[in-house]
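A.B. asks: Taken in sequence, the protein lines are chains W and U. Reading the first sequence from the start, the letters are residues 20 to 120 in this note's numbering. Reading the second sequence from the start, the letters are residues 170 to 665 in this note's numbering.
For the record, the hints were derived by calculation from the structure and aren't laboratory data. By construction, the Cβ of each residue, glycine as well, lies at the ideal position given by its N, Cα and C atoms. Incorrect hints may have been included.
Among chain W residues calculated to face chain U with C-beta under 10 Å, some are [unchecked claim]:
1. Met20
2. Ile21
3. Leu28
4. Ala32
5. Phe34
6. Leu36
7. Ile38
8. Ile57
9. Ser60
10. Asn62
11. Asn64
12. Leu65
13. Ala89
14. Leu107
15. Lys108
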Amino acid sequence: MITLQHYLLVSAALFSLGIFGVLTRKNAVNVLMGIELILNSANINLVAFSHYNSANMDGQIFAIVVIVVAAAEVAVALALVLTLYRLLKTVNLDQADILKR
Amino acid sequence: MVMDNLQSLRYSLPELTLFVAALIVVLVDISLKSQRRFLNPLLTLLSLILAGYFSLRGGAADAGLFQGMLATDSFAQFFRLLLILAGFLVVVGSLDSDELSTVHTGEFFVLLLVVTAGMILMTNSTNLAMLYLSLELVSLTSYIMVGYLRTDRLSNEAALKYILFGAVSTGAMLYGFSLLYGMTGTLNLYAIRDTFMSQGVSSFNQYTLLLVVLLIMAGFGFKTAAVPFHFWCPDVYAGAPTPVTAFLSVAPKAAGFGILVRFFFSGMSQATGTQWNIMHGLNWPVILVGISVLTMTLGNIAALTQNNLKRMLAYSSIAHAGYIMMGAVVLTEVGLRSMLVYLFVYLFMNLGAFLVVTVIYNSDKTFEIDDYAGLLRRSPFLAVAMSIFLLSLIGIPPFSGFLGKLYVFGAVIDRGIIWLAVVGSLNAAVAAYYYMKVMKAMILDEGDNSLPPLKISPINLSLLVALLLPNILLVVFWNSIDRWVTASVKLFNNSL
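Using the sequences and the hints given, assemble the complete structure.
C.D. replies: Structure below.
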């Protein structure tokens, strides 16, 4: 029997992994993958809560909204990563350090 | 009262105008190649004026729109006018900027219209899904605006830093929303409040509630550039084109405070007469007090050592976010009024300071404070104007910045939190040092005597005058401002 707690554990694990990925990865594309994990962990929460607790569909609709926004966000982020690659010939975030100097 | 979709349309005319205008500008930009340089800004300005007219004429109904997705009330009305005014001033300020003149600016105006409409929707949201959607609309368009100079490494890295930081902050906020939805079973702010009230906050897990408030503050703190979610701010402000920086430092910050107030006041406290009461066990003002003190202290201390004026103004804008947040923690109408006054006067002084930065970059190609030496000799008007903006930012009495500080500190003392007012005024004293440092460079330092007098284009000159007047004269119209903000603190309260 899969209960709400199982879903919440998976989503908490995904959220933590996402934060971990964002903090430790040097490659810009990997950082974006971490961000996707964070957003999808919230989606799992929303759908699970909607299924188990609530009488309405709000959570599932919200999850669809989040998926659409995440796609738009990745489009903008990848465009910026591409521009970075054109300028620097690398997507390593450690070398994008001109603002630190 | 909650209206259905068709009834709601006539209360959303300003936002609709902006979205339609954005589409028209896109069409004009791709079809009328010869006239577009002149038509794009003209259409943008006209549509902003039209949106402002609609929001003035629409009056302030007190209702929920689109089945409770948005609210329209006098508070929303205030932010509509403030944000449209900010958009208008930034469009005029971007017309003559050397940074933006090297690229095609058609999309810039489109983005500015969309982001203005997005910010209005954001301050009006009363549903978590709508809140998230409009906040991301504002964020995504601001990322593109920051990275607008595609061939410029500075601009690109600033935008990348902004989007990575922003995506994580809003992701954390979204996780907080999902937990809040799980606890209350609804996405509507008023239904969330009613659930908390009917079931009692103590029946929920205290640590989960604390976690939810912290996660959601990550999103709002990111928008308002509050510590500890401020790390993007100096780099993004330094890297973005100056008109965009000016825009980011006032408009999304104001919208962030708008939604912060709407979320915490409507969704997480009880309205009683002229003040709001926290629900027992859901003590979010404590977190806001901590963030406010940290924000102004850290912002001011970090600003002390900056040599780049854009960076210094970035840290100063972080510090100002701390002052404004003081108005939210007291939970009274007086406090709310002080936030609105502060945001209103802050608009003119900060846009003015950034406009001077733009003008000087146009002729000298520099943002370093040391290069401002001898400005009094090269352009007395510019030096005096900048001094007035800086004095206003410090909060010296004849200028309008004083009004903001007066209201905020007054609200805090009114509620009996004397120590917070003391911390605030100590901070204001520290801030005076780094603003004065710029004035010293401009007025007392000799600088290079061979530099020619500085030229100001007619557009920038008229905008400078238009920004100087409110800074000097708002104190005279104190009464009308007070009446306006007093009428603007009525939040829509969808009671059962």
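A.B. asks: Among all the numbered hints in the text so far, which are the ones the structure does not match?
C.D. replies: 1, 2, 3, 4, 6 and 15
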